Amino acid sequence: MNRLEQRLAELKKKKQKALALFVTAGDPSLKVTEQVVRFCDRSGVDLIEIGVPFSDPIADGPVIQASAFRALEKGVHLKQILGLVRRLRGEGLQIPIVLMSSANPLYGTGWVSVARDLSEAGVDGVIIPDLPLEESAELRRAFERRDLVNIMMTTPTTEGRRRRDILRSSRGFVYFVALIGLTGDRHESAAIISRRIREARLTATSPVLAGFGISGPADARAMCSAADGVIVGSALVQHLHQHSPRNLSDRSRKFILSLLKAVK
Amino acid sequence: MRSKYFGRFGGQFVPEILMNALAELEASYRQLRRDRRFRGELEDLLKHYAGRPTPLFHAKNLSRALGYRTFLKREDLLHTGAHKINNTLGQVLLARHMNKRRIVAETGAGQHGVATAAAAALMGMPCVVYMGKVDTERQALNVYRMKLMGAEVRPVTSGSQTLKDAINEAIRDWIKNVRDTHYILGSVVGPYPYPEMVRDFQSVIGRETRRQLGRTPCGLVAACVGGGSNAMGIFHEFIKRPGTKLLGVEAAGHGISTGKHAATLLKGTVGILHGAKSYVLQDRWGQIKPDVHSVSAGLDYPGVGPEHASLKDSRRVRYVAATDKEALHGFRYLSEHEGIIPALESSHAIGYLLTHSRIRPKRGACVICLSGRGDKDMEHASRIIRL
Ligand SMILES: Cc1ncc(COP(=O)(O)O)c(C=O)c1O
Chain A
1 MNRLEQRLAE LKKKKQKALA LFVTAGDPSL KVTEQVVRFC DRSGVDLIEI
51 GVPFSDPIAD GPVIQASAFR ALEKGVHLKQ ILGLVRRLRG EGLQIPIVLM
101 SSANPLYGTG WVSVARDLSE AGVDGVIIPD LPLEESAELR RAFERRDLVN
151 IMMTTPTTEG RRRRDILRSS RGFVYFVALI GLTGDRHESA AIISRRIREA
201 RLTATSPVLA GFGISGPADA RAMCSAADGV IVGSALVQHL HQHSPRNLSD
251 RSRKFILSLL KAVK
Chain B
265 MRSKYFGRFG GQFVPEILMN ALAELEASYR QLRRDRRFRG ELEDLLKHYA
315 GRPTPLFHAK NLSRALGYRT FLKREDLLHT GAHKINNTLG QVLLARHMNK
365 RRIVAETGAG QHGVATAAAA ALMGMPCVVY MGKVDTERQA LNVYRMKLMG
415 AEVRPVTSGS QTLKDAINEA IRDWIKNVRD THYILGSVVG PYPYPEMVRD
465 FQSVIGRETR RQLGRTPCGL VAACVGGGSN AMGIFHEFIK RPGTKLLGVE
515 AAGHGISTGK HAATLLKGTV GILHGAKSYV LQDRWGQIKP DVHSVSAGLD
565 YPGVGPEHAS LKDSRRVRYV AATDKEALHG FRYLSEHEGI IPALESSHAI
615 GYLLTHSRIR PKRGACVICL SGRGDKDMEH ASRIIRL
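Just so you know, the protein sequences line up as chains A and B, in that order. Under my numbering, the first sequence has 7 at position 7, and the numbering climbs by one with no breaks. One gets my numbering by counting positions in the second sequence from 1 and adding 264 to each.
Source of the hints: derived by calculation from the structure; they are not laboratory data. Worth double-checking, as some hints may not be accurate.
Said to hold, decoys possible - With a straight-line Cα cutoff of 30 Å, these simulated DSSO-like cross-link-like pairs (lysine-lysine) come out:
#1 B:Lys440 to B:Lys411
#2 A:Lys74 to B:Lys589
#3 B:Lys397 to B:Lys504
#4 A:Lys74 to A:Lys254
#5 B:Lys589 to B:Lys626
#6 B:Lys589 to B:Lys268
#7 A:Lys14 to A:Lys79
#8 B:Lys504 to A:Lys74
#9 A:Lys261 to A:Lys31
#10 B:Lys531 to B:Lys397
#11 B:Lys524 to A:Lys79
#12 A:Lys74 to B:Lys397
#13 A:Lys79 to B:Lys504
#14 A:Lys12 to A:Lys254
#15 B:Lys324 to B:Lys524
Said to hold, decoys possible - Here are some chain B residues the structure puts well away from chain A; computed CB gaps all over 10 Å:
#16 Lys268
#17 Tyr332
#18 Lys531
#19 Arg548
#20 Arg624
Fair warning: this is a prediction, and the values are worked out from it, not measured in the lab. Cβ atoms here follow ideal geometry from the backbone N, Cα and C, with glycine treated the same way.
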């Protein structure tokens, strides 16, 4: 079991829900990214997803896309991100970390060397929204060997054998996309989503976390009634952009704590 | 199950939310392409609406300059001015069959946008075309044409504000509205089944060409390559005929060693862009190059269709690149000596052959795919070429 799986197993034993937070590496700055990671580690957030900026994302909504472009303008890419994680792990940082990235900026030299680089830096896994089950066999083989998890996404419209295969082969957790649409807009009816999440948990071999469009503590708490935990992305990215331009501000800290309180 | 790959290229690198839509598209397409009514309807539109078959013109003056018999496949004479309509008519019928009520598309030079707007107008479907803001300014005339035909043109301000960014936005729109929207992609790029489907709709170019050539053996077929749809359209029929050399001409812009070009097959590396694995112009961190350049907006794209990537690896097609200067030479030459003003995209194929005499048919004739007419380029050309 790797670090993320261990953490989620402990939560399950304690009958607690999980909180995962997404930040784009380098937006507003790598320094703020580091401060967020440290603060999350200290305050008991269960997982940090670090977004790898990409010039041509197709799976991101407008907030995260804009954030990635800001980071790219600062010249942030995979090498600095792995450097940051390596340094923090060296200092004993315990919080599970996964990279969330489009396929291309990771793919570079092929999945085998990606697995080696990530594992050596102390990353625990990846979420690659544009790498569906059918395209992920090679990555999963390379990742298994390094005990890294490949977290796969499922949606309310994923059905049949594909749905079962995704729910059974996603390691770490299953990322349930709780919207029809992109990050942060157009809600699928809440009742249908809740039912689908409960159904997914019956089949999945890992916990099911729900994300996309969770805008604050109230949404997070509501989603936790059906899911094993939640992922907050756009809302935090936007908060940091507005309120933590140079350093992680008290206001952003409070926002993170309010999410924790809603979930725990 | 059929392979979603061409060799090691292609696939479906898209968010989970689109996987259903792609499966539905593939199933509908497989069913329809064997359906006699659908084929009849498409043939009828291609003939009476778009103007097929297009002539195969023996260009004698050009032949004399090249030193071998050369024909032009006149896709420039099609309705809306380029080969793009072959594909949009097919896809709009497909959309109707799938009960999709709304059309989205991307466009670079505006030719695919115009061809989509026309097809959507014909079917009475609302149509949204994404176009990079830079391109809306370069190709203002085409923006007006699209709007006149009832399409909504949405300028894209993200990234480099050109074709690649328009594709990103169109895909995003599709994700959001996947239930009632069909995305009409304009080239042999994107996730499976698009590269195969668009190629099939365009392959009428090559089929007609071969029929029109009759007994004349075809020694060389040349076409420009942006995403690669007019090239695949004319190549497909000839791929299994080893006597026919195939030549794909990319845009070398200021020169392929300057960085300011769009020669993806010649200078790119393997990557994943817009849902497919293919050659891509990218930096060492996997970021797509923003400074891709060509004098023609339609070739100005940092990716290329996966089937071309595979044909490059297997060496069945030879890929080369023509500079802006060579393309402009072809543009002027055909205008002055044949009285045909070609699109700047198509001018790359002509310009390349005019300036590189080593490539020639061993026996028989040469066919150049004249993918579009130059009307859209008049303003741009008049600023570059002083008369
Ligand atoms: C006339 C013409 N030729 C060629 C192209 C390039 O596309 P493709 O390589 O898909 O044929 C375009 C694209 O806009 C075009 O307008």
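Taking only the CA atoms, is the gap from Lys79 (chain A) to Lys504 (chain B) under or equal to 30 Å? Not OK: Lys79 (chain A) and Lys504 (chain B) at ~45 Å, beyond 30 Å, violated.
Between Lys531 (chain B) and Lys397 (chain B), is the straight-line Cα distance small enough, at 30 Å or below? This hinted pair holds, its Cα atoms lying about 26 Å apart.
Below or equal to 30 Å on CA atoms is what counts here, so check Lys324 (chain B) against Lys524 (chain B). violated (34 Å)
Hey, Lys397 (chain B) versus Lys504 (chain B), does the alpha-carbon distance stay inside 30 Å? Since the Cα atoms of Lys397 (chain B) and Lys504 (chain B) sit roughly 41 Å apart, the hinted pair is violated (cutoff 30 Å).
Pairwise hint evaluation, Lys254 (chain A) against Lys12 (chain A), where the allowed Cα distance is 30 Å at most: Within the cut-off at roughly 26 Å; holds.
Regarding the pair Lys74 (chain A) and Lys254 (chain A), is the alpha-carbon distance no greater than 30 Å? Cα-Cα ~27 Å, so holds.
Pair hint outcome, Lys589 (chain B) versus Lys626 (chain B) [Cα-Cα no greater than 30 Å]: Within the cut-off at roughly 27 Å; holds.
When you look at the beta carbon of Arg548 (chain B), is every beta carbon of chain A farther off than 10 Å? violated (8 Å)
Lys504 (chain B) paired with Lys74 (chain A) [C-alpha distance capped at 30 Å]: Distance ~50 Å between Lys504 (chain B) and Lys74 (chain A) Cα, so the pair is violated.
Whether Lys268 (chain B) stays farther than 10 Å from all C-beta atoms of chain A, as the label says: violated (8 Å)
Check the hint pairing Lys589 (chain B) with Lys268 (chain B) against an upper bound of 30 Å on the C-alpha distance. violated (38 Å)
Does Lys531 (chain B) clear chain A by more than 10 Å, comparing its Cβ with all Cβ atoms of that chain? holds (17 Å)
Checked against the numbered hints above, the structure breaks hints 2, 3, 6, 7, 8, 13, 15, 16 and 19 and satisfies the rest.
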